[in-house]
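These are the residues of each chain, in order.
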Amino acid sequence: MKAVEEEMYQQEGTHIHLIPTNKFKTIHLIAKFKAPLTRETVSKRALLPYVLRQGTKSYPSRAALENELDELYGAGLGIDGGKRGNSHILSFRLEVANDKFIPHAPNMLDAAVELLKEVIFEPNVKDNQFDEDIFNRERETLKQRIESVIEDKMNYAQMRLIDEMCEDEAYALHVQGYLEDLESLTSSDLYSYYKQLLAEDQLDFYVLGDFDTDQVKNKLADSFVRKQHGSAPEQTSEPRKQISEVREIIEKQNIQQAKLHIGYRTHCTYEDAGYYALQVFNGIFGGFPNSKLFMNVREKHSLAYYAASRLESHKGLMFVFSGIAPEDYEKARNIIELQLKDMRAGSFEEDILEETKGLIINDILETLDHPQGIIELLYQQILSGKHAEVDDMISGIRKVTKDDVIKAANSIEEDTVYLLTNNGGGEDA
Amino acid sequence: MHKDQYETIGETIYKEKLPNGLTVALLPKQEMSKTYAIFATNYGSIDQQFVPLGGTEEIRVPEGIAHFLEHKLFEKEDRDVFQDFGRQGASANAYTSFSTTAYLFSATDNIIENTKTLIDFVQDPYFSEASVNKEKGIIAQEIKMYDDQPDWQSFMGTIKSMFRNHPVNIDIAGTVESIQDITKDDLYTCYNTFYHPENMTLFIAGNFDADTMMNMIQDNQSAKSFAPLADIKRSYPDEPEAVAEKEKVMKMAISIPKCIVGIKEASVPQEPEAFIKRDLYLDIVMDHYYSKGGAFYQDLYQSGLIDSSFYYETTLEKNFGYSMIGSNAQKPDCFAEKVMAQLLSLKDAKISEADFEKLKKKKIGQILRSMNSLEYISNQYIHYQAVGFDFFQLIPVLESVTAEEINAFLNSWIAEERLAVCKIVPENS
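Those sequence lines, one after another, are chains Z and V. Under this note's numbering, the first residue of the first sequence is numbered 1, with each subsequent residue one higher. Under this note's numbering, the first residue of the second sequence is numbered 1, with each subsequent residue one higher.
All the pointers check out, no bait thrown in.
Only pairs whose alpha carbons sit at most 20 Å apart, straight line, appear in this in silico EDC-like list of lysine to aspartate or glutamate: (1) V:Lys-361 - Z:Glu-68; (2) V:Lys-358 - Z:Asp-99; (3) V:Lys-184 - Z:Glu-299; (4) V:Lys-134 - V:Asp-186; (5) Z:Lys-386 - Z:Glu-271; (6) V:Lys-251 - Z:Asp-152.
Keep in mind the hints are simulated off the structure, nothing from the lab.
Let's have the full structure, built from the sequences with the hints guiding it.
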């Protein structure tokens, strides 16, 4: 038996994905709209989730929409945007309890499909624009959100690293939008962009849970009809960045703990043959509590509570991040560099290689116990254009050799070092 | 082995209280890939004053010691337990809250072996002066990380403004100063007192066979010897009903002020069913007024006093309880004034029968949704176990709650002297 059953088919410009499983007490509907990440559209796509969440044509206020969700046994509705590589994804998520577990409950799946369709295709629009009051109020909400980015120091430091490292690349765009773009945006601009998005974005629609497949297909054929066809322009690829020397950026704020974030180019993405080796490399280097970064920066030198690395798999980046005392900057940076050097020289045991593979496989399998996790895992295939069953991923990881990992380590290039520190720490940039 | 079947939700729990006092509960779910196991002691940051096992005099231990102990239990004379789990493909973790310390792992393979590792490492402490000192640097960075998080600071600030004497008002991790005093002997004293099996619960949910698992646990436990059972004598200072400080103002490097209104509970019912009902009343009432469809939320939203960061929560523990309503607020004083006026108006308010039925429906759906997560089920089970309640009875108890009960609670809930306000304002304001 395959780890995940997924049935895929095309319906009127929509890729439908049905994932029958009896693991959960709920049914999940997720619609994902994909378009290239651009400065022209990023702030609009950032604002849309806020405006759309405030109501629909039939439920024109937040209270009316919430009431409808409550009636569906406290169904959860979320709309959010995010970037994956150079794509901007807008996701609509609706989660309802499976009526199997509620005596005398109505057919929840049909009601859920109807509601999600309404939220996506029948927004609260008058005279070809979103309700003006809602638009203005939500624009303010988003502006405050943008202004408060600085509060979460880890996110802020990560954002600043990418700003500097990917300057002039689409990936540096802020998915939360820009204050100056919002200033000049009108409600009718936003609605006309939304119509364009509905017409042009690639749409993938996922249904996951314990349901009758034929019943869902009929329901979707009847009511989830997209009048338009996805024709979003394809992603344009960017030239490989030439790194002549590692950039160091030091910024100061009145904070207790310094944040050291380092960005690397992996030159390897999800669809590449070397990706499994890169995953194993990342695991040994800084992916788990037995990794080199954790064992050395934290356990051996007591410099930090966290020290880890993470991959961005669609753009081909790796990030290292750690929270340290401001005065320990040079020391921490040297220890991190030494770990990478060790990895490149093959200075790690076969044992840790096998352990790490086990942990990565465990992570993949655990993802299969989370409804959203399963869908995100499957959506990776849409983003990368590479079809890989869960079993293929697992055997891909298992086959990675020590030489593969050394090769991955040697193809990684350090790009930018970013330090957010206090007035006493670091040297002047 | 005691077997409890919960037919509506389709779950079966196997339970056993072992001769040494340990409570074991198993929830086999063969449809899942993974297993999540949690081994918890009824001991947290509030357990500051107690009579040590075998002693006669009450002692007071340094702030943050429960959390410190949690860190140090992973380190053994010859190794770090994270590596044992790593070798067995499991990912391990731990947390310390006000009243619980819990150790956990999740894994998709070697479940019996991993469970043994979990039990054995928690029941086999090894503390040395050198390793205790080494940990101080790591925990200092953990504390400093929290120092820079405005949301955590506003949460703890609100707790401190509500509670004058109760040790819930101390930071869970302690302070950089208080942890300097911790010695290996202190750790052994706390360990011996609070890690007795009688004070602990082991809960395992996921893909395993209940009989094999229970046999292993029984064999493992009967091979070890523990001190005779004794009641743990903990003491908590008297806490007045009124809040400690009506208003607290702190300054941080933020862009938008934050404001929280805290509601301190006058008392907590001790009988399990009464406790759970109180917990549900608080939940339902807050949900009715402050969820996004609620009248009070709508009022705050329309007045432009809140943004998307708005949140509310309620916590009820055996010997303290509180609720919080907070948001980023450009006008924190107006926000606080309005929320307090809303709360005070509840003494004459009434939730209609129809609204109440809808709230119940919503809550049932939410409980079912949350039951998708093995982590959630396990953590809730442990939480309710501490007050003697069976988490899986939550839906039946909820169904038995009447609108009359809710309204009686609603009208007596709020008193002005039990309300506190905590504000965080930008540094240069």
